[in-house]
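Protein chains in written order, with full-length UniProt numbering: chain A, 1 to 89; chain B, 1 to 60; chain C, 1 to 62.
For the record, the hints were derived by calculation from the structure and aren't laboratory data.
Even for Gly, the Cβ is constructed at its ideal location relative to N, Cα and C.
Honestly, I wouldn't trust all of these hints.
Stated by the list, open to error - Some residues of chain A that are not near chain C, with every Cβ distance over 12 Å (derived):
#: 1; residue: T50
#: 2; residue: S54
#: 3; residue: C68
#: 4; residue: P69
Unchecked claim - Simulated crosslink set (DMTMM-like; lysine to aspartate or glutamate; CA at most 20 Å straight-line):
#: 5; chain 1: A; residue 1: K47; chain 2: A; residue 2: E82
#: 6; chain 1: B; residue 1: K52; chain 2: B; residue 2: E36
#: 7; chain 1: A; residue 1: K56; chain 2: C; residue 2: E5
#: 8; chain 1: A; residue 1: K7; chain 2: A; residue 2: E82
#: 9; chain 1: B; residue 1: K30; chain 2: A; residue 2: E33
#: 10; chain 1: C; residue 1: K7; chain 2: A; residue 2: E33
#: 11; chain 1: B; residue 1: K27; chain 2: A; residue 2: E33
#: 12; chain 1: A; residue 1: K45; chain 2: A; residue 2: E33
#: 13; chain 1: A; residue 1: K44; chain 2: A; residue 2: E33
#: 14; chain 1: A; residue 1: K47; chain 2: B; residue 2: E46
#: 15; chain 1: A; residue 1: K85; chain 2: A; residue 2: E71
#: 16; chain 1: B; residue 1: K27; chain 2: A; residue 2: D27
#: 17; chain 1: A; residue 1: K85; chain 2: B; residue 2: D55
#: 18; chain 1: A; residue 1: K56; chain 2: A; residue 2: D2
#: 19; chain 1: A; residue 1: K47; chain 2: C; residue 2: E5
#: 20; chain 1: B; residue 1: K49; chain 2: B; residue 2: E36
#: 21; chain 1: A; residue 1: K56; chain 2: A; residue 2: E71
#: 22; chain 1: A; residue 1: K56; chain 2: A; residue 2: D11
#: 23; chain 1: A; residue 1: K7; chain 2: B; residue 2: E33
#: 24; chain 1: A; residue 1: K45; chain 2: B; residue 2: E36
#: 25; chain 1: B; residue 1: K30; chain 2: A; residue 2: D32
As the list claims (entries may be wrong) - Okay, the calculated beta carbon distance ranges per label pair:
#: 26; chain 1: C; residue 1: E27; chain 2: A; residue 2: P30; range: 26 to 34 Å
#: 27; chain 1: A; residue 1: I73; chain 2: C; residue 2: G39; range: 33 to 41 Å
#: 28; chain 1: B; residue 1: K30; chain 2: A; residue 2: K85; range: 20 to 28 Å
#: 29; chain 1: C; residue 1: A22; chain 2: A; residue 2: P76; range: 44 to 52 Å
#: 30; chain 1: A; residue 1: E71; chain 2: B; residue 2: P24; range: 43 to 51 Å
#: 31; chain 1: A; residue 1: K47; chain 2: C; residue 2: D33; range: 17 to 25 Å
#: 32; chain 1: A; residue 1: T51; chain 2: C; residue 2: S37; range: 17 to 25 Å
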Amino acid sequence: MDSNQMKLLQDLMEVGFSLVETNLYLDTHPTDERALMLHNTLSKKYKDLTTLYSSKYGPLTYTGMSMCPWEYIQGPWPWDIEYEKCRYD
Amino acid sequence: MDKKMYPENEYKCPEYELAHAYVPYQKMCKVYEPGEGLCKGTIFPELYKPYKVYDKKKKC
Amino acid sequence: MWIYEKKIQYPVRVDSCNPALAALIIEQFGGADGELSAGIRYLTQRWTVPTDQVVGFYFYSS
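In isolation and in its complexed conformation, chain A is listed as follows (with noise of 0.2 Å):
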C-alpha cells in the first residue's frame, strides 16, 4: 500500500471513528443542534472520503462499482496493512 493510500484511508479511519461518537452522543442527546451540525459536516466529508478512496482503490463494500477485473479482492484486507503509529500517544 502506498503511502497516498495510506493517508486516505487513515482519513477515512478517523472521520469514521468521529461518526462513531456522534452517533452515540445523539442517540442520547437527540436536540443537541450542535452535535447534529457536527455530525453532519463529517457525514459529508465522509461521504466524500469514501468516494474518492473508492474510485481510485477499489470498493470498500461488495455493493460498490468497479473496473475489470473485480477489484474488491485486489489490494490488502484490512487485517494485512501495516498502520502507522499513532500520533497522539
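Since the structure of chain A is already known, use the hints to place chains B and C on it.
This is chains B and C only, laid out in the frame that chain A set:
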C-alpha cells in the same frame, strides 16, 4: 465544631445528596479533531482517561 | 442487516513477537467470559432492549 475543619456548606450542595449514586448527564463542549480522537479512543476530552504508567518507586 | 467494509475502526500495530502475550489475548478474546461471548450476548440482548436511546450502543458493543 471547628469551622475551619468543617466548612458549613460542604454537604449542602443542592444537586448532590449524600449516600446517593449519580451519573451526571454529558453535555458536549469541545471535541478533538478526528485524528486525535481516533488515537485517544474518544472525541470527548471529558471522557479521555488514559491509564497512568505504573511507577515502582512511587507505588501508584 | 450487516455489510462488510474493507476497513477497521482502530489501526492495529503488532510491534513484537510475544507468544505468551498472544495466548493471554486469545484467552481474553475468545475464551470463557471473553470479549467474544460478551459481544454475542449484547447482540442477542439488543433485540429486546426497550429504550431506543441505547440500542445503537448495544450494536457497537457487539
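Each hint, compared with the structure:
1. Taking the minimum C-beta to C-beta distance to chain C, about 9 Å, the non-interface status of T50/A is violated against the 12 Å cut.
2. The non-interface label for S54/A is inconsistent with chain C: the shortest C-beta to C-beta separation is roughly 9 Å, within 12 Å.
3. The claim that C68/A is not at the interface with chain C holds, since no C-beta of that chain comes within 12 Å of its own (minimum 19 Å).
4. Non-interface status of P69/A relative to chain C is upheld: no Cβ of that chain comes within 12 Å, the nearest being about 16 Å off.
5. Under the criterion of a C-alpha separation no larger than 20 Å, the hint pairing K47/A with E82/A is inconsistent with the structure, at around 24 Å.
6. Of the supplied pair hints, the one linking K52/B and E36/B holds, its CA atoms being roughly 19 Å apart against a limit of 20 Å.
7. Proposed proximity of K56/A and E5/C is supported: the alpha carbons are some 16 Å apart, at most 20 Å.
8. Restraint check for K7/A and E82/A: satisfied, since their Cα atoms lie roughly 12 Å apart, inside the 20 Å limit.
9. Straight-line distance between C-alpha atoms of K30/B and E33/A comes to about 14 Å, which keeps the hinted pair within the 20 Å bound.
10. With a C-alpha separation of about 30 Å, the suggested pairing of K7/C with E33/A is violated against the 20 Å cut-off.
11. At most 20 Å may separate the alpha-carbon atoms for a hinted pair to count; K27/B and E33/A meet this at roughly 12 Å.
12. As the CA atoms of K45/A and E33/A are separated by approximately 18 Å, the hinted pair is consistent with the 20 Å bound.
13. This hinted pair checks out: K44/A and E33/A have alpha carbons roughly 16 Å apart, not beyond 20 Å.
14. The straight-line distance between the Cα atoms of K47/A and E46/B is roughly 28 Å, outside the 20 Å bound, and the hint therefore fails.
15. Annotation: proposed proximity of K85/A to E71/A is violated, straight-line Cα distance about 28 Å (limit 20 Å).
16. Annotation: proposed proximity of K27/B to D27/A holds, straight-line Cα distance about 13 Å (limit 20 Å).
17. For a cut-off of 20 Å, the pair hint linking K85/A to D55/B is broken: about 24 Å separates their Cα positions.
18. At most 20 Å may separate the alpha-carbon atoms for a hinted pair to count; K56/A and D2/A meet this at roughly 12 Å.
19. Pair hint K47/A plus E5/C holds up; C-alpha atoms about 14 Å apart against a cutoff of 20 Å.
20. As the CA atoms of K49/B and E36/B are separated by approximately 14 Å, the hinted pair is consistent with the 20 Å bound.
21. Proposed proximity of K56/A and E71/A is supported: the alpha carbons are some 10 Å apart, at most 20 Å.
22. Our distance criterion of 20 Å between C-alpha atoms is met by K56/A and D11/A, whose separation comes to about 15 Å.
23. With a C-alpha separation of about 16 Å, the suggested pairing of K7/A with E33/B holds against the 20 Å cut-off.
24. Between K45/A and E36/B the alpha-carbon distance is near 17 Å, which keeps this suggested pair within the 20 Å criterion.
25. With a CA separation close to 14 Å, the supplied pair K30/B and D32/A stays within the 20 Å bound.
26. With their beta carbons about 40 Å apart, E27/C and P30/A fall outside the hinted range of 26 to 34 Å.
27. Evaluation of the 33 to 41 Å hint for I73/A and G39/C yields a failure: the beta carbon distance comes to about 27 Å.
28. Distance hint check: the CB atoms of K30/B and K85/A are about 25 Å apart, consistent with the given range 20 to 28 Å.
29. The hinted range of 44 to 52 Å is not satisfied by A22/C and P76/A, whose Cβ atoms lie roughly 22 Å apart.
30. Our hint of 43 to 51 Å for E71/A and P24/B holds, since their Cβ atoms are close to 49 Å apart.
31. One distance hint, 17 to 25 Å for the beta-carbon pair K47/A and D33/C, is violated here, with the actual separation near 40 Å.
32. Restraint check, T51/A to S37/C: a C-beta distance of roughly 38 Å breaks the suggested window 17 to 25 Å.
In this structure, the earlier hints numbered 1, 2, 5, 10, 14, 15, 17, 26, 27, 29, 31, 32 are contradicted, and the remaining ones agree with it.
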